[in-house]
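Chemist: Spelled out from the first residue to the last, the chains are:
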Amino acid sequence: MTAEPAAPTPPDRATPAPAAASGVTELFERARDGDRRALGRLLTYAERGGARADTVAVAAWPLAGTAHVVGITGAPGVGKSTLTDCLARAAGGDGQRVAILAVDPSSPLTGGAILGDRVRMGSAADPDGPFVRSMASRGQSGGLALAAMAAVRLLDATGHNLIIVETVGIGQVEVDIARTADTTIVAVSPGWGDAVQANKAGLLEMADIFVVNKADRAGAADARRDLEYMLDLGHRAGWRPPVTLTVATEGDGADELWKHVLDHRRHVREGSDHADRRSRHAAEEIRRHLRQRVDSLVEDRSGLSGLLAEVTAGRLAPAAAARRLAGELAGAAGASDTARAPEPDSEG
Amino acid sequence: MTATAETHAGPDQPVRVVLAKLGLDGHDRGLKVVARMLRDAGLEVIYLGLRQTTESVLRAVEQEDADVIGLSIHNGGHMTLAPRMVEAVRAAGMDVPVVVGGIVPEVDLGPLQEAGVFAVLGPGASAADVARTVRAAAAGRA
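Chains as they are written, first to last, in the numbering used here: chain A, 1 to 348; chain B, 1001 to 1142.
I should point out that these hints are in silico values taken from the structure, not numbers from a laboratory. Hints may be right or wrong, so weigh each one.
These stretches of chain A come out as covered by chain B in the derived footprint (C-beta under 8 angstroms, 3 or more residues) [stated by the list, open to error]: (1) 39-52; (2) 111-122.
From chain B, some residues computed to sit far from chain A (all C-beta separations above 12 angstroms) [to be verified]: (3) G1026; (4) L1043; (5) Q1063; (6) I1103; (7) Q1113; (8) E1114; (9) G1124.
Computed spacing ranges between beta-carbons, pair by pair [as the list claims (entries may be wrong)]: (10) B:S1126 x A:R278: 50 to 56 angstroms; (11) A:D126 x B:A1127: 32 to 38 angstroms; (12) B:R1084 x A:H267: 45 to 51 angstroms; (13) A:A330 x B:Q1013: 54 to 60 angstroms; (14) A:G50 x B:R1090: 52 to 58 angstroms; (15) A:D126 x B:L1024: 18 to 24 angstroms; (16) B:L1024 x A:D128: 43 to 49 angstroms; (17) B:T1080 x A:T110: 54 to 60 angstroms; (18) A:H267 x B:R1036: 27 to 33 angstroms; (19) A:R323 x B:P1123: 19 to 25 angstroms; (20) B:Q1013 x A:H289: 16 to 22 angstroms.
The structure displayed is predicted, hence computed values, not measured ones. Every residue gets a Cβ at the ideal spot worked out from N, C-alpha and C, and that includes glycine.
Please construct the entire structure, taking both the sequences and the accompanying hints into account.
Modeler: Written out as structure tokens, the structure is:
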């Protein structure tokens, strides 16, 4: 865990923006009482980053850590949203309080996005259905993973005990998000590839559970066989990922998938590396926050723009410019911190 | 709602809009085109699609913290459905504006406005009109 005090709202954190912080505290209490609108607003704050997101994170962290987080990923069109809906229904029927975070890409050109996952999630409209939040990637490579982690933490802290994070399985960020889940489900569909694809490095290595969705179509048995062959050649010690068939549109295979998730949850929780895994994830998250802070320091305070002309003119190599800036930042970090009032930098 | 007292979707934050059709109305081509127009204008569209209810739209608006509701209506039910949506939003204590798109006879424009609908976009609306109207709706929410 961190060095944060256990109280939900440490008063020292409220200093940069008292009004916003008290708003957050009130919203957080309401969200814990089941107020969806308060939770919706807090998720917006968490997504936007900055000082208010920090306040939300500080409130959520001590109360989070009990939920099981399932990542569902796979190529576009394999049925991730429908599968997510299926799994949410099966888990909900089993007494779990479910939340879904559906991440879709933003347009790199306009920043806009069409977040269409709710269309496939009939349970989203049920009064007792899961809490569903759509998140656009907003072109922030490091930020998306942080925003998603913050959202998961918040859903965890507000009483959801199964959180499903759905991401398109393309790009490193999506893989990163899937990797921070407790259980990672990789979905494929018949005709997705063969044994050679199955043995390529990447996404498939991270699966704890494989799903061959659209299993009513030709080639489902082949897809399963190819995945099993791949697993025969080796997998992580202690857990051989099951390969399960579903027809998500019909709900076929949902209960079996949920059973596999429960098996894996037991495996993870009883495993000797459980504490280890948590601390690995925490360390990774600290590093991400640190990188983001360094990025904003570079933007705000360093002489990046001053050096840019020299680099563009060919007089200075980018690597040399970075080394010089890093030296300046290291020097500045030792000096007094008066230039950045809005950022609470009091840890340490 | 206390939190909406501050400016919600700032100039550098994408506007989030929920798009839906209510009830028995299967003509969703227009809504899909509008979704694309808004995406291309830099907005985040939470697409609900067909056969929604006022309750399911409200639920999405709460969970997604949306700034605007966009309803597409092509079944002649706009005088019933649109005011009902506005009423449901108000009854929930929310201030999310409702924009209607579709086929609405001119005589109904005044009454819809009186019922609290923010704007009506007809078949002649350009992509720029659509984006400008939705942004204006979001800005008016501050």
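Chemist: For each hint, tell me whether it holds in the structure or not.
Modeler: Against the structure, the hints:
| no. | hint | result |
| --- | --- | --- |
| 1 | 39-52 | holds (count 6) |
| 2 | 111-122 | holds (count 8) |
| 3 | G1026 | holds (14 angstroms) |
| 4 | L1043 | violated (5 angstroms) |
| 5 | Q1063 | violated (5 angstroms) |
| 6 | I1103 | holds (23 angstroms) |
| 7 | Q1113 | holds (26 angstroms) |
| 8 | E1114 | holds (27 angstroms) |
| 9 | G1124 | holds (23 angstroms) |
| 10 | B:S1126 x A:R278: 50 to 56 angstroms | holds (53 angstroms) |
| 11 | A:D126 x B:A1127: 32 to 38 angstroms | holds (34 angstroms) |
| 12 | B:R1084 x A:H267: 45 to 51 angstroms | holds (50 angstroms) |
| 13 | A:A330 x B:Q1013: 54 to 60 angstroms | violated (33 angstroms) |
| 14 | A:G50 x B:R1090: 52 to 58 angstroms | violated (31 angstroms) |
| 15 | A:D126 x B:L1024: 18 to 24 angstroms | holds (20 angstroms) |
| 16 | B:L1024 x A:D128: 43 to 49 angstroms | violated (24 angstroms) |
| 17 | B:T1080 x A:T110: 54 to 60 angstroms | violated (35 angstroms) |
| 18 | A:H267 x B:R1036: 27 to 33 angstroms | violated (44 angstroms) |
| 19 | A:R323 x B:P1123: 19 to 25 angstroms | violated (60 angstroms) |
| 20 | B:Q1013 x A:H289: 16 to 22 angstroms | holds (21 angstroms) |
Consistency with the previously given hints fails for numbers 4, 5, 13, 14, 16, 17, 18, 19, ordered from lowest to highest.
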